[in-house]
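Undergrad: As a plain string of letters, each chain reads:
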Amino acid sequence: MAFTVTSDEKNGIARLTLVGELDASAANDFRTAIEEAAGLRPKRLVLMMGGLTFMASAGLRTLVFAKQKMGANVDIYVIAVQEPVRETLEMTGFQHSVIMLDAYDAAEIEDL
Amino acid sequence: MDRVDIYPTHEYQGYHFRPGKPFPFGATSVSGGVNFSVYSSHASRCTLVLFEKGEPQPKVEIPFPDAFRIGNVWSMIVFDLDYENTEYGYRFEGPWAPEDGQRFDSSKILLDPYARAIGGRDVWGVKPDWNNAYQHRGRLVYDDFDWDEDHPLETPMEDLVIYEMHVRSFTRHPSSGVKFPGTFAGIRQKIAYLKELGVNCVEMMPIFEFDEFENGRVHPDTGEQLYNYWGYSTLGFFAPKSGYAATGKLGMQVDELKALVKELHRNGIEVFLDVVFNHTAEGNEQGPYISFKGIDNKTYYMLTPEGYYFNFSGTGNTLNCNNPVVRSMVLDCLRYWASEYHIDGFRFDLASILGRDPWGAPLPNPPLLESLAYDPVLAKCKLIAEAWDAGGLYQVGSFPAYGRWAEWNGKYRDAVRKFLKGEAGLAGEMVQRLEGSPDMYAARGPTASINFITAHDGFTLNDLVSYDDKHNEANGEGNRDGANDNDSWNCAWEGPTEDPGINALRRRQMKNAFAVLLTSQGVPMILMGDEVAHTQFGNNNTYCHDNEVSWMDWGQVSSNSDLLRFVTNLIGFRHAHPVLRNRWHLTGRDQANCGYPDISWHGILAWHPDLTGSARTLAFMLSGANARGGAVHDDFVYVAMNSHWDSHWFELPQLPSGLQWRVAANTGAPAPEDAFSTGDEPVLSDQGGVLVGDRSVIVLVGK
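Protein sequences, first through last, are from chains A and B.
Per my numbering, the first sequence starts with residue 493, numbered consecutively.
Per my numbering, the second sequence starts with residue 1201, numbered consecutively.
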């Protein structure tokens, strides 16, 4: 399934919505979206992953890039991740580097 | 301004490339492409072979133009590769002259010695396609990882309690309850257990990529596949074992292992790797071509004048570690693991081989060992030698140390085993072993001594007290493999028994072993599972068993909770008392001017140890004021050991006024009175002496 990423920003919260399979061929689009989001200097980065069905090594690489590009003061939220992707994050330990939520929780995320 | 060196200058069958950089060796990501660099001292031509991941046939073979070779190094940057789905290897042309050590064969596709990930055995135990001409394939790796602030812990050597672990065995048993059994990720789920136990270092048995199918044997009774389970047979020195990663099928084993190291560090636990540089998986002249044999046989292997393989490793070949080229590879490898994976230390399998010259003779000043000791990147890494080899070199106590190297102290193991089973005449040697073996490591200090009673080689602790003889029939070698000199004692019955007296004695003997190990000067090492009485059913060489013989049974955490609790308390006792963890040898003198020597020896009578040939009792006292040469203050510690079959009354040395002896552990007492947590030690009822039960150890603290 083709990968798409859409983005919006509101009140210091940058949100990227990922759909499809995040592999090497898609990683550049994701990376570009992260760079654009980082340029807005958000306080939080929210990755809506409910539509993401697969994440390959290149996808993980890009998440690492996102964390380092945003800096230590920007929390990264990973929302509604599907089980295969959740497992990948767990197996590689990356779930410790982000905040994973089952659903978008405005009370928590937007409490700046 | 754009750099000009990121543009292709050549094209071959649609692939664009340009001359590469000789350094670093291996496949390295560069802007827009991948730099491939490989060397051979004797080859005449080299070809880069690229595969689509998993495909049997190459997608392209790009010959290196002559201009791409500098010295003996071929390098090339290939652009626009899909790094996730590319596998690579090399073909080399050169002379076929076995009598001269040359075995070039351009029909073979060869693994890059510097490959940082290797495909082909992605998931443990999944049978490969044996018709595939290229079994073990180089893969491309990015070095990005989110380490945050992590770095090697640099825990002082004297403070370590090492836990020797097999990655798969630790969590493979269904009782482990982890989400990803038998993997690096599985270990991460059990860090809380390790932390609660109190170990602060895990030493992983080999995790460099190996082929679990290298063993062709089957179980003689069940017919089940036997494996090369331990992995002491390296395919590639720079790649983690894919089959140990839950993400191996996704090619993320590098990330998974790094995540484990990071999480262990976050919990104060160092990571050591058991590294096998003495031989490779290619065997002798009958063995397969995988990598080194076809790239530069004469450089990588020790060869006889007739071109055959020296076999100091007992496995068919011997890596030529003191050839300067091979030495560089070993250094590059360890630097890579130390810097890229934040590894804290290395244990070198059959390390004495690393001190032999290219013709097999032991060197007085081995350049590789010296280079490792003085290397700036490895400066804070712990270096531990298994100071012997299969060629008869035994260097325990004399391994060339350069002020850095520690050793697995096989003499400690042997002496403690014999003493605990009740052999007479060991008291004199036990004095040395309990003090950190100053007779062997006078100038090196007790931290040169890795003290252990059991390790992966040999019986588990439970089996050491349950079997007189090895029972290795299931290995399919007619019970000929494995050591015969185990210094074990079955406590009067071979194997499991319902006899409560024998079982109680066995339990006590295990506690005795832990009490001695954890109060000895030096660095204690515990074998995975011994803390819960893991059994290998009498097998003392389980190198081939991917089954319950090897797997740690987590049900024993509850069924043997008394032993686990005992060990946990003793490790806690060691951590609480720096007087047990001296950096330098004790002297028998009172350096702190407190009225007591730093260590004093006792017997049934205080101040009068019996070191005669019939002695089976021994005690020592450490004065806390002299801990670490008087640099820190600690309590008094007194340890009484009775390996006799009768109880004995031990007269106690008198403490300074105001202090009292308290009981930290008494293996002769039933649980939970057998060990107390720090701060909860009850006062000893008679401060003048203590009855030490038959085959028991008592640990007292004076405060």
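Be aware that a few hints might be false.
Unchecked claim - As a list, the in silico SDA-like pairs of lysine to any residue whose alpha-carbon atoms are at most 25 Å apart:
| id | chain 1 | residue 1 | chain 2 | residue 2 |
| --- | --- | --- | --- | --- |
| 1 | B | K1903 | B | P1797 |
| 2 | A | K561 | B | H1465 |
| 3 | B | K1449 | A | A572 |
As the list claims (entries may be wrong) - Computed footprint of chain A on chain B, listed as stretches where at least three residues anywhere in the stretch have a Cβ under 8 Å from a Cβ of chain A:
| id | stretch |
| --- | --- |
| 4 | 1282-1289 |
| 5 | 1444-1452 |
| 6 | 1460-1470 |
| 7 | 1881-1895 |
Unchecked claim - Partial chain B-side listing against chain A, Cβ under 8 Å, derived:
| id | residue |
| --- | --- |
| 8 | F1380 |
| 9 | A1385 |
| 10 | R1388 |
| 11 | E1456 |
| 12 | E1694 |
By construction, these hints were calculated from the structure, which means they are not laboratory data.
Built from N, CA and C at the ideal position, the CB exists for glycine as well.
Undergrad: Given the hinted pair A:K561 and B:H1465, is their Cα-Cα distance within 25 Å?
TA: OK: A:K561 and B:H1465 at ~24 Å, within 25 Å.
Undergrad: Just to be careful: measuring from the Cβ of B:E1456 to every Cβ in chain A, is the smallest value less than 8 Å?
TA: holds, 5 Å
Undergrad: Against chain A, with CB atoms and a cut of 8 Å, does the hint on B:F1380 hold up?
TA: holds, 6 Å
Undergrad: Between B:K1449 and A:A572, is the straight-line Cα distance small enough, at 25 Å or below?
TA: holds, 24 Å
Undergrad: Are 3 or more residues of the stretch 1444-1452 of chain B near chain A, judged by a Cβ distance of less than 8 Å?
TA: holds (count 6)
Undergrad: Count residues of the stretch 1460-1470 of chain B with a Cβ under 8 Å from any Cβ of chain A, then say if the count reaches three.
TA: The restraint on the stretch 1460-1470 of chain B holds, since 3 of its residues have a Cβ under 8 Å from chain A and three suffice.
Undergrad: Are there at least three residues in the stretch 1881-1895 of chain B whose beta carbon sits under 8 Å from a beta carbon of chain A?
TA: Violated, because only 0 residues of the stretch 1881-1895 of chain B bring their Cβ atoms closer than 8 Å to Cβ atoms of chain A.
Undergrad: Holds or violated: B:E1694 as interface residue toward chain A, Cβ cutoff 8 Å?
TA: violated, 43 Å
Undergrad: For the stretch 1282-1289 of chain B, do three or more residues have a beta carbon lying closer than 8 Å to a beta carbon of chain A?
TA: holds (count 4)
Undergrad: Hint B:A1385 vs chain A: min CB-CB distance below 8 Å?
TA: At about 5 Å, which falls below the 8 Å cut-off, the nearest Cβ of chain A leaves the hint on B:A1385 intact, so it holds.
Undergrad: Please verify whether B:K1903 and B:P1797 have alpha carbons no more than 25 Å apart.
TA: holds, 17 Å
Undergrad: Should the interface hint for B:R1388 be scored as holding, given a Cβ-Cβ cut-off of 8 Å against chain A?
TA: holds, 6 Å
The structure fails to meet hints 7, 12 from the earlier list, while all remaining hints are met.
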